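Once you have looked at the hints, place chain B on chain A.
Residue numbers (my numbering), protein chains in the order written: chain A, 16 to 101; chain B, 5 to 442.
Careful: at least some of the hints might be erroneous.
Claimed, not checked - Ranges between beta-carbon positions, derived for each pair:
id: 1; chain 1: A; residue 1: 79; chain 2: B; residue 2: 193; range: 43 to 51 Å
id: 2; chain 1: B; residue 1: 261; chain 2: A; residue 2: 94; range: 27 to 35 Å
id: 3; chain 1: B; residue 1: 405; chain 2: A; residue 2: 64; range: 46 to 54 Å
id: 4; chain 1: A; residue 1: 64; chain 2: B; residue 2: 259; range: 32 to 40 Å
Stated by the list, open to error - Under 8 Å between C-beta atoms, here's a sample of chain B residues computed to sit facing chain A:
id: 5; residue: 65
id: 6; residue: 67
id: 7; residue: 88
id: 8; residue: 90
id: 9; residue: 240
id: 10; residue: 268
id: 11; residue: 344
id: 12; residue: 349
id: 13; residue: 361
id: 14; residue: 405
id: 15; residue: 410
id: 16; residue: 420
id: 17; residue: 434
Said to hold, decoys possible - 27 Å max Cα-Cα, derived DSS-like pairs, lysine-lysine:
id: 18; chain 1: B; residue 1: 418; chain 2: A; residue 2: 61
id: 19; chain 1: B; residue 1: 211; chain 2: B; residue 2: 139
id: 20; chain 1: B; residue 1: 308; chain 2: A; residue 2: 48
id: 21; chain 1: A; residue 1: 48; chain 2: A; residue 2: 94
id: 22; chain 1: A; residue 1: 91; chain 2: B; residue 2: 240
id: 23; chain 1: B; residue 1: 240; chain 2: A; residue 2: 69
id: 24; chain 1: A; residue 1: 69; chain 2: A; residue 2: 48
id: 25; chain 1: B; residue 1: 139; chain 2: B; residue 2: 257
id: 26; chain 1: B; residue 1: 418; chain 2: A; residue 2: 48
id: 27; chain 1: B; residue 1: 418; chain 2: B; residue 2: 211
id: 28; chain 1: B; residue 1: 66; chain 2: B; residue 2: 83
id: 29; chain 1: B; residue 1: 139; chain 2: A; residue 2: 48
id: 30; chain 1: B; residue 1: 83; chain 2: A; residue 2: 48
id: 31; chain 1: B; residue 1: 312; chain 2: B; residue 2: 66
id: 32; chain 1: B; residue 1: 83; chain 2: B; residue 2: 211
id: 33; chain 1: B; residue 1: 188; chain 2: B; residue 2: 66
id: 34; chain 1: A; residue 1: 69; chain 2: A; residue 2: 94
id: 35; chain 1: B; residue 1: 211; chain 2: B; residue 2: 240
id: 36; chain 1: A; residue 1: 91; chain 2: A; residue 2: 48
id: 37; chain 1: A; residue 1: 48; chain 2: B; residue 2: 66
id: 38; chain 1: B; residue 1: 188; chain 2: B; residue 2: 201
id: 39; chain 1: B; residue 1: 418; chain 2: B; residue 2: 201
id: 40; chain 1: A; residue 1: 48; chain 2: B; residue 2: 208
Derived by calculation from the structure, the hints in this document are not laboratory data.
Predicted model, so just to flag it, every value in this text is computed and none were measured.
Beta carbons: idealized from backbone N, C-alpha and C, even for Gly.
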Amino acid sequence: MSDDSGLWLLLLGPAGATGLYWGLYRYYRNTDKSHAFERETVVDAKPVTGSDQKIGQITGTRETEIDGNNVQSYRKRVKRLESDTG
Amino acid sequence: MSNSTRSSPPPLPPYTGPGSPQDVPPLPGSSPLDPATLPEPIRDELLAPDPVAIDTSSDELKDGLNRCPKCGASDIRHKPGSDLLICLYCRNEWHGARVEEEFGLGIGLDELSGTVIASGARDIAADAASLMTFKCTGCGAEVTVNTDNAMTARCHWCRHVFGVNEQVDNGAVPDAVLPFHIRKDDAVARIRQFVDKRRFFALKAFKEQFTPENVVGVYLPYMIVDGKASADIAGKGEIQTRRYTKGSGDDKKTYYDADVYRVERHVDFTVDDLPLESSTERGNLDTRVNTNNIINTILPFDTKNAVKWNASYLSGFSSEKRNTDVQHLIPRMEDQLLSIARAQVEDSVERYGRGVRWEQERLDVHGTRWVSMYLPVWLYSYHQPGSNGGMLHYIAVNGRTGETMGSVPVQQWKLLLTAITVGTFLEGIALWIVGTSS
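The shape of chain B in the complex, shown without the other chains:
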């Protein structure tokens, strides 16, 4: 609403100094200052390379098309039961490059320094979208891929297969992928075997709806960490020096004398390929509210065989996107490194027969190397209705080793009834013994 009688405010004085809205921000990656005019130490810092130390991106796949090196067709699939890619047009087969050799991930653990992050493990941009669109070079159509659960899509007009291969900043594209080795039939058999051993007390609805053929192959996001660390642990230990009894008959009691020691231990160690869930949901292992510990249990994978990222390996499989960055996972990594250190020093305190009570611990992380990886899991899920949204039960099969673990919902009344029946039977025996002996 304008008021014609009101006089317009005086114009603001022009402000064109640094930081004013009139300033055009510098292009990404460029500096508003000419480094050549700056003192040498500052120039060196400005011109230093970015902290991303290992570039695992594939320039040749950036247009979304993975072409057969022999015939140029784009219909590339993963050959089940192997690490090979196969061209569905000319049946040519080839092997993806192993990241271990390609980027030297298996070496130099002892020289690790600082935090080295591979390009696929970079921080996720806050404004990154899940949908990615490719312009088909064959027919011009636009093909969209939802990176929340898929990494490939087929052009509906000319049947080109597009894969998300560019390491965009939404965390969907890792550095490496470990292809499925265990076939679906095998996974179904393992799940069936797992449940067959747990049928009697299983929830009736679960048994009725049990269809292991519905198992889904999912690539789950992990951070694979190499690290070099030192740990110091201190506490008290006791060595028994004498054991004796006092009293007689039913009053006989055993007593112990012991020497108490102040125990300190130091260990330097490196860890190779420690896997950490990089999805917040999967990383939550609270067994009171979920059964993600089931998926955690089927670790580890033979991550040494992971191949350089190529979305063609994911064709026909579902995928889950990473949503945590390296700095969010550092506390969990440090916690696990401390646990590893504690396990390492256990043998050195064997002489303390009465045990050791560790009271203080310290961890110095000298260097870490982070690689983002998709690992293959066959997942069968069952949602058990209940309060607070119920519980989602998983039976998970490691897509490489076949290790199977699951959570089968329990028919509570049946289990309770059995426990009470057995308890009553045992109590009857106890009463009989007490009755006959008194």
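This is chain A alone, in the form it adopts within the complex:
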């Protein structure tokens, strides 16, 4: 939230301190690292098929992206449907 007095600038100190702490901590401990098997495994995929069906419209939203956008969160599991072959 911004206002005319620029008071939001006062967040600079705490935000900078927290950001620096986490940045350095991760650089030392590397807790966020793991094997990127999605990119580094040899995958041979057939062309992707599918369907796209318009189901509605949104007007006047202030959100810049869809709620719960997980297109790049490959490892975030969503509802798993039972498979045919198990």
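Frame of chain A; chain B shown alone:
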């Protein structure tokens, strides 16, 4: 205590029917029924081969001795920096057979069906022991190998070198091994370089005790999985149709209109050599309690170059034993296959500029092939004391590619002090700006 006045109970009637303790169990692998007398469908099922589809065992090495094909000596070592074995007696060098060609592991991914398990990836027998004893054919002495951490031992009398080569059911002997390529000196240099970049905020005790020369070469157990699968993913995507602002000055706000779509995607794919940790401890990647993610990060390995199991490659190195079976690893494999599928369909939803929210996913695994493999890792470890047993930090170097990753313990007070100092400085600037602009 016997009581002579008490009459003895009447004898039990003899029971000799099926299932009675008097029955002698059939020999392993044999059937109490003669299949020839059974109907054809049942006979076919009984006589069908075992589910182990790829036999990777080496009959010639079963006595524990790996002999030089030229002179017959048993003192065989891995030649550092190569995939060669070398006879320390006559200096003869030879190359182990690559499993990729030997067992056709690189082909037929598209025809995979069911769960194909190589013989070294079979289930671990519950009563399997860690200690294996060999009777030395040279002098008759007994040589014991503890398969928890070693795969070779030398006869203390006649210096024959014994290796655990038989695929006993304790999970210690995999189908293949990928020999070390990165030498110890190289690994030490890489670890030193890694830590040198992270010295300022490192724990004081860690810096004082840092001796990368103590790095240990360890063969860690992995399951290498080939798979054929299909995935279906469904969700909602949004495409922006209009962007406009309302209000003026500081009240100006941006609004968006968008079309909403139901998005469904299907992808058929095969994966080649997906590595999964087959040790429970290494497979636990919870970064709150351990730093095993460090070892996971140095994956992948060039598993195509793995050679047929031969304990001589492990001479002088430590090893860790597999303790999980294929069925325990299937959920993790399916999870990774789903993640791969999600990555594969990403390009097909590029038109949804406002993103896609996947809501449902389905995976059909058509076939998998499991091979147990030892992969080479240089490990430097440091135990940081603390509550709940402290934390074991690793710096790991991939024994083939040299990829290095590590966890360096942090001197918390120093890091906090620096963060607060920088924060205070920034706050001072902010206050000055606010003060001068008002």
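Are there hints from earlier that the structure breaks, and if so, what are their numbers?
-> Violated: hints 3, 5, 6, 7, 8, 14, 18, 19, 24, 25, 29, 30, 32, 33, 35, 37.
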